[in-house]
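Student: Given only the sequences and the hints, what does the whole structure look like? Please build it.
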Amino acid sequence: MFSKAEEVIREFRGQEHVRGQRDCNLMVLKIFDEENYNKMLGTYSTIKGGVKASLRVYGVRSLREYLESEGFSLVPQGFERPLDVVVFKNQHNVYLNLGTSWFGVTDHEVFGLVSPKNYQREDYLVFRKGE
Numbered sequence: 001m002f003s004k005a006e007e008v009i010r011e012f013r014g015q016e017h018v019r020g021q022r023d024c025n026l027m028v029l030k031i032f033d034e035e036n037y038n039k040m041l042g043t044y045s046t047i048k049g050g051v052k053a054s055l056r057v058y059g060v061r062s063l064r065e066y067l068e069s070e071g072f073s074l075v076p077q078g079f080e081r082p083l084d085v086v087v088f089k090n091q092h093n094v095y096l097n098l099g100t101s102w103f104g105v106t107d108h109e110v111f112g113l114v115s116p117k118n119y120q121r122e123d124y125l126v127f128r129k130g131e
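Going by the working numbering, the first residue of the sequence shown is number 1, and it counts up by one from there.
Check before you lean on any hint, since a few could be wrong.
Computed Cβ-Cβ distance ranges for the label pairs, DEER-style [stated by the list, open to error]:
1. F79 to K52: 31 to 39 angstroms
2. E109 to R10: 15 to 23 angstroms
3. V60 to K117: 26 to 34 angstroms
4. G59 to T100: 33 to 41 angstroms
No more than 20 angstroms apart at the CA atoms, straight line, and that leaves these computed lysine to aspartate or glutamate pairs for EDC-like [unchecked claim]:
5. K129 to D33
6. K48 to E109
7. K129 to E7
8. K52 to E68
9. K117 to D107
10. K39 to E70
11. K52 to E65
12. K89 to E68
13. K52 to E80
14. K4 to D33
15. K39 to E11
16. K89 to D123
17. K89 to E70
18. K89 to D107
19. K4 to E34
20. K4 to E70
21. K129 to E109
22. K129 to E65
23. K117 to E80
24. K4 to E35
Since the hints were derived computationally from the structure, they do not count as laboratory data. A virtual CB, placed ideally from N, CA and C, is assigned to each residue, including glycine.
Tutor: Listed below in structure tokens is the structure:
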């Protein structure tokens with residue numbers, strides 16, 4: 001899993017965020033579920049279109065619902081580790097935990113590292129792929 005994450009991070013790093021082509025949902029799918037990544041790639045260009053596409057492809061409305069339905073478990077605060085998926089409760093932001101940094105879309109709409117210290121723990125959930 002680490003080698004796949006490294007490959008995706010290298011591919012996405014410094015690249016512009018483009019919904020349906022290179023976005024945080026597709027980043028997570030490419031690491032953990034390449035089959036659904038391929039089904040979703042290029043099928044939407046807006047948030048609303050992404051919701052419709054995910055309903056059609058795997059029957060859920062959000063990446064959070066997808067993670068819950070695919071056996072990812074909720075990680076208690078203080079037990080986070082690299083390759084956990086960070087999902088914000090009231091936003092569309094999704095990040096990959098790399099330990100001291102997260103990888104995802106920055107404020108400049110490009111993929112890169114962000115600091116978890118910039119966010120309140122109660123604003124997001126952390127999921128881990130079943131072991």
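Student: Each hint should be assessed against the structure and marked as holding or not.
Tutor: Each hint, compared with the structure:
1. F79 to K52: 31 to 39 angstroms: holds, 35 angstroms
2. E109 to R10: 15 to 23 angstroms: holds, 19 angstroms
3. V60 to K117: 26 to 34 angstroms: holds, 30 angstroms
4. G59 to T100: 33 to 41 angstroms: With Cβ atoms ~35 angstroms apart, the hint holds.
5. K129 to D33: holds, 11 angstroms
6. K48 to E109: holds, 19 angstroms
7. K129 to E7: Cα-Cα ~18 angstroms, so holds.
8. K52 to E68: OK: K52 and E68 at ~18 angstroms, within 20 angstroms.
9. K117 to D107: Roughly 15 angstroms between the alpha carbons, so the hint for K117 and D107 holds.
10. K39 to E70: holds, 16 angstroms
11. K52 to E65: Given that 20 angstroms is the threshold and the Cα spacing comes to 14 angstroms, the pair holds.
12. K89 to E68: The hint holds at about 13 angstroms.
13. K52 to E80: Judged against 20 angstroms, a Cα distance of about 31 angstroms means the pair is violated.
14. K4 to D33: Since the Cα atoms of K4 and D33 sit roughly 11 angstroms apart, the hinted pair holds (cutoff 20 angstroms).
15. K39 to E11: holds, 19 angstroms
16. K89 to D123: Roughly 6 angstroms separates the two Cα atoms, so the pair holds.
17. K89 to E70: Judged against 20 angstroms, a Cα distance of about 18 angstroms means the pair holds.
18. K89 to D107: holds, 18 angstroms
19. K4 to E34: holds, 10 angstroms
20. K4 to E70: Roughly 19 angstroms between the alpha carbons, so the hint for K4 and E70 holds.
21. K129 to E109: violated, 27 angstroms
22. K129 to E65: At roughly 14 angstroms apart (the allowed maximum being 20 angstroms), E65 and K129 satisfy the hint.
23. K117 to E80: Within the cut-off at roughly 14 angstroms; holds.
24. K4 to E35: holds, 14 angstroms
Hint check: violations occur at hints 13 and 21; the rest are consistent with the structure.
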